[in-house]
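Generate coordinates for the entire structure from the input sequences, incorporating the hints supplied.
Residues per chain, in single letters:
Number of protein chains: 2
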Amino acid sequence: MQAEGFLKLTSAQVEARLEALLPTVRTKPTELHEAMRYSAMAPGKRLRPALCVASAEAVGENAPLVLDAACALEMVHVFSLIHDDLPAIDDDELRRGLPTCHMRFGEAIAILAGDALFALAFEVVSKLKAPSDRVVRAISILSSASGSSGLVGGETVDVLSEGKPFDESTVEYIHSRKTGALVSASCEIGGLLGGGTDEQITALKEFGKEVGLAFQIADDLLNELSTADALGKAAGTDRARSKATYPALHGITESREAARQAIDRAFEHIDNIPNADTLVQLARYAIERVH
Amino acid sequence: MQAEGFLKLTSAQVEARLEALLPTVRTKPTELHEAMRYSAMAPGKRLRPALCVASAEAVGENAPLVLDAACALEMVHVFSLIHDDLPAIDDDELRRGLPTCHMRFGEAIAILAGDALFALAFEVVSKLKAPSDRVVRAISILSSASGSSGLVGGETVDVLSEGKPFDESTVEYIHSRKTGALVSASCEIGGLLGGGTDEQITALKEFGKEVGLAFQIADDLLNELSTADALGKAAGTDRARSKATYPALHGITESREAARQAIDRAFEHIDNIPNADTLVQLARYAIERVH
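Protein sequences, first through last, are from chains A and B.
Going by our numbering, 582 is the number at position 211 of the first sequence; the sequence numbering is gapless.
Going by our numbering, 474 is the number at position 103 of the second sequence; the sequence numbering is gapless.
If you're looking for bench data, these hints aren't it; they were derived computationally from the structure.
Please note that a few of the clues may not be correct.
Intra- or inter-copy, both count: the list cannot distinguish identical chains.
[Stated by the list, open to error] As a list, the in silico SDA-like pairs of lysine to any residue whose alpha-carbon atoms are at most 25 Å apart:
id: 1; residue 1: Lys498; residue 2: Asp569
id: 2; residue 1: Lys399; residue 2: Asp538
id: 3; residue 1: Lys399; residue 2: Glu539
id: 4; residue 1: Lys399; residue 2: Lys535
id: 5; residue 1: Lys498; residue 2: Ser515
id: 6; residue 1: Lys399; residue 2: Leu620
id: 7; residue 1: Lys535; residue 2: Gly376
id: 8; residue 1: Lys379; residue 2: Gly431
id: 9; residue 1: Lys498; residue 2: Ser511
id: 10; residue 1: Lys498; residue 2: Thr395
id: 11; residue 1: Lys500; residue 2: Ser511
id: 12; residue 1: Lys416; residue 2: Leu596
id: 13; residue 1: Lys399; residue 2: Asp462
Next up, the structure:
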C-alpha cells in the first residue's frame, strides 16, 4: 500500500484503540486523564505505530495484539514529546498544531501526564495476549530503547549540547538515540509480535535504525526550512538555540543526501523480508517531505 | 529478624546491587548517569525493597532475582521522589539529607534522570531469570501501581488539592495511591517471585496496602512534628502548603491511632503466611517512629 494510505488507515485504528486504552475522564484524577488524552489524541502522523504494524505484516501474521503494542509505542513517543516540550527542556509552546501539554494544563500536570503515559505503555504491553516470552522480550526492547542509552539519553545530549560547539559524533549520538532508538524498537517489536524469525527481527531492527536516522535528518531540515503553520510546531528553533543538528553541521544539500543514503542502507537490511512493500513506502515517505 | 537489622542488611544488599544495575558514569551521557546514581544511591530506608525481600522469604524461596526486583521497586520510588521534588510540583530542596536532584543537576537533567530510572526499572524486571509468565505479571503489577491509577494518580491529587478544602475521601485517595500502591506492589511482587500461591500473593498485596497507609500517616505526622535535621528533608511543609493530610484532618492523636489500626488490619491479612515474622517487624517499624 502507498505510505499515505497506510498511515491514514493505521492512524485511524491506533486512535480508536488509544481511545479505549487511555483512562476515562469520568474517573479521578480527571485533570491527569484529560492531559494524557489531550496529548495522546492530538493529531500525529503515528509513524511509529505504522512501522510496527507494517513490520508485523512483513513477516507474517498481523493481529489485534500488534495494534496494542503500536499504541504503547505511541504512548512512549507522546510521553517523550510532553517532557521534551517542558520549559526546563525545549520550552516549546506548540505541538501537533495545539498548545503543548504544559501550556494547556500547567507544568505539574504535564510532567505527571508524561509519567503516567510511560507507565501505561508498559501496562499495555504486559497485557498483550501473546506468548509470555515474547511479551517479556518486547518489554525488554521497549524499556531499553526508552532509557538512558536510548530516547532519554539522546534527549539529554540534545539539551546539553545546546549553544556549544559540537561535532559529527554528537549529532550521530543524538539522532541514533532520540529518534533512532524508538523507531528501531517499533520495527523490532512488530517483527517479534508478527512471529518473525530472529534473523528477520534483527533485520527489522537495523532497518528501523536507518529510517529513524533519515527521519530525524528530515525533521531537522523541516525545522530549518518550513513554517510553524506547516509543521504544527515552532520552526527555526534549532538554529535559534544553536542545536546540534545535521543541517547545522553539513548544510541543506548534504543533509538531504545523507537522509537518502540512510534510506538506501535501510532497504538493504530488509532485502530478505517477504512482504516489505509497505515498509519501503513508509521509509520513502519519511524523507520525501524534504526532497 | 528485628526490623532495624533486616533493613540494614537489605539496604546494604540493595545498594551493592543498584551500584551494578545503574549505568556507569564512564559512559555517555555522563551527567544523566551521575544524576541517576546521585538520587538512587542517596541513603534511604529502602523500605520497599525490604518488604519485597521479606515477602518472598515469607512464602518460601528467596533468590538473587528477588533482589533485582527489589532494586527495580526502589528505582520507581526514586523516580517518583525526583519528579515530586521538582519546582513545578512540591518544590523541595532537600531529600535524604542531600540537595534534591534538580538543585544539584538542574531541572532538565532531574526530569530526564527520573524518566531514565523509571525505564530502567522495567528493563531490570524484564531481565529477571524467572519463568516468563511471572515476569509478565510482575511488570503488570509494577506498571499499574506506578501509573494514573497508582503512584502518579496519587501525586496528582496531592498537588491539585494543595490549599483547597479537602475531605476524608481525598486524603484516603492520596494515601492509597501515592504510597499504598507501590508498597503494596512491593509485597505482591515479592510474594509472586518468592513462589507464593495466588492466595498468599493476594494476602501480601492487601497487607502492603495497609502498611503503606500506616507509613504515609506516620510520614505526615513526622512532617508535622519533626525537624529537617532529623528527617533529611524539609519539615512542616505540609501545613505551610495546606496539604491534604491525615493529621490536618484529624489531629495528632487520632492519626497515631489510625496508623496503629492500619497495622492491625495488615496483620490480619498475613495470618496464614508461614514465615511472616520479618514482615510483622517491618510493619511495626513503619509506625513506631511516631508512637
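Okay, the hints, checked on the actual structure:
1. In this assembly of identical chains, Lys498 and Asp569 lie within 25 Å of each other by CA distance both inside one copy and across copies; the values are 23 Å within and 18 Å between.
2. Taking identical chains as interchangeable, the C-alpha atoms of Lys399 and Asp538 lie at most 25 Å apart only when they sit on different chains, with a minimum of 15 Å there against 48 Å within one chain.
3. Taking the closest pair of Cα atoms, Lys399 and Glu539 come within 25 Å of each other only across two copies (15 Å); inside a single copy the shortest separation is 47 Å, beyond that limit.
4. With identical chains, the CA atoms of Lys399 and Lys535 are at most 25 Å apart between copies only, with a shortest distance of 17 Å across copies and 44 Å within one.
5. For a Cα distance limit of 25 Å, the shortest separation of Lys498 from Ser515 qualifies both inside one copy, at 19 Å, and across copies, at 11 Å.
6. In this assembly of identical chains, Lys399 and Leu620 lie within 25 Å of each other by CA distance solely across copies; the values are 21 Å between and 48 Å within a copy.
7. Taking the closest pair of Cα atoms, Lys535 and Gly376 never come within 25 Å of each other, the shortest separation being 42 Å inside a single copy and 50 Å across copies.
8. For the homomeric pair Lys379 and Gly431, the shortest alpha-carbon distance inside one copy (21 Å) is at most 25 Å, but the shortest distance between copies (53 Å) is not.
9. When the C-alpha separation of Lys498 and Ser511 is checked against a cutoff of 25 Å, the pair qualifies both within a copy, at 15 Å, and between copies, at 7 Å.
10. Taking CA atoms no more than 25 Å apart as the test, Lys498 paired with Thr395 passes inside one copy only; the shortest distance there is 18 Å, against 32 Å between copies.
11. With identical chains, the CA atoms of Lys500 and Ser511 are at most 25 Å apart both within one copy (17 Å) and between copies (13 Å).
12. For the homomeric pair Lys416 and Leu596, the shortest alpha-carbon distance inside one copy (19 Å) is at most 25 Å, but the shortest distance between copies (53 Å) is not.
13. Taking the closest pair of Cα atoms, Lys399 and Asp462 come within 25 Å of each other only across two copies (24 Å); inside a single copy the shortest separation is 28 Å, beyond that limit.
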